[in-house]
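Protein sequence lines correspond, in order, to chains A and B.
Residues in the first sequence are numbered consecutively from 1, following our numbering.
Residues in the second sequence are numbered consecutively from 1, following our numbering.
Hints were generated in silico from the structure; no laboratory data involved.
The hints are all genuine.
Below are the BS3-like pairs computed for lysine-lysine, each with C-alpha atoms no more than 30 angstroms apart in a straight line:
| id | chain 1 | residue 1 | chain 2 | residue 2 |
| --- | --- | --- | --- | --- |
| 1 | B | LYS8 | B | LYS21 |
| 2 | A | LYS203 | B | LYS67 |
| 3 | A | LYS245 | B | LYS67 |
| 4 | A | LYS311 | B | LYS52 |
| 5 | B | LYS52 | A | LYS203 |
| 6 | B | LYS65 | A | LYS245 |
| 7 | B | LYS8 | A | LYS111 |
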Amino acid sequence: MINPHGGELIDRNMEGPARERLAVDPQDIPVFDIDNDIASDLQNIADGNYSPLTGFMTRNDYDNVLEHMRLENDVPWTIPIILPVPEGAVSAGEGDDLILRHNGRNMAVMKIEEEFELDPARHSQAVFGTTDPEHPGVAVVNEYGKRVLGGEIWLLNEMESPFPTYHLKPAETRVLFQERGWETVVAFQTRNPPHVGHEYLQKTALTMTDGLLINPVIGRKKQGDFTDRVILDSYDALIDHYYPKDRVVLSTLQMVMRYAGPREAIHHSIIRKNFGCTHFIVGRDHAGVGNYYEPFAAQEIFSEFADLEIKPFFFRSFKYCHACMSVVNEKTCPHPDEKITNFAGTMVRKIVNEGAIPPPEMMRAEVAEVIKAAEVPFVQ
Amino acid sequence: MTDNGDKKYSTISIPKPLFDKIKGRIDGTGFNSVSSYVTYVLRQVISQDEPKDEGDVFSKEDEEKIKERLRSLGYLD
Ligand SMILES: [Zn+2]
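Please put together the full structure from these sequences, using the hints given.
Structure, rendered in structure tokens:
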């Protein structure tokens, strides 16, 4: 099985009497309230999704990630995982413990190893390639507190998962893949209900591997994005009717999207490597937003990492060709535009607004029915 | 970074003809120096050399607990 990133699968779930005490009573330790974004990073650190990270980044790792896309010890890492706090919000300093509280529960205890100052423009330029405040990732960074706390964490209470039965940790997926006898596993990340193009892409990848992990990112979304419920239900319908069950796993990843394009594609593949996947599907404009990134920049960046170990599968965009009578891309089909139908997002809007079920070559009827039946298909 | 920049890199020696060969080879590639090429190749070789995870990182007890959860969720029969 592929090694966890950096060599060791991290588990920072605290156990024993100290946990039981701190989980309910912070005693004299200062408390800082964290939002959902930080809480999901915290959970991902504790569960080993972010192996080899054992806490929020200290300055050397942070600087190295910004400048060289690697941790200080040369392990590839592209997205800063930091704890920014507003000036004056935390009385604790270097060497002190800090309780991180989420929704009123003591979620973790952190040992503050180091604090440093955030330069939002430098951060955004490095991570997003822009400081444009319209960029949704930049906008979030601009709201960050300017003081950054780094240090190891121990989890006291898990973040509530909206879909606990779909929530698998790396330790669990690794045992699962091993039990199924999969040596090669390709991961597909998604934020959308599947159309036939997605199915074709996944099955093309699965042709070359033993198993497929469909891994929707759930959590905070933009207005107009599909709800997590619709994404999961539509995949359940698709898998139920069209996938061999012993070759596919559907589980969620609770994490905030940064819209960092190429850098985020590397980040996403590192997490799937920790899940035990050997391959990762990277399509057009992966983790992109607007026109901030070149369409294939998220594929090209992989050539800078000889030591990532998880291998990317690059795909162009798929379309349906009425002459070929199949899903195609520009490499596989010679026909002119009038023979081609794109898998447009507007197709799904039509289902919702007009109740129109798309033709079967665009979307499976079972999937369309799920979307049509959903009370709240989009984030309001 | 500049203040401790020189601590982050080491100089190593390679035969001059090899250096010249690499220099000729990297023209028109994404590599902007012999150093960046050599770093790339070494990282690749080193990562392929890592001993592989043989699936024995979990204790038998932990593994049974995980399997129990996977069964209860329907991921395993
Ligand atoms: Zn065609």
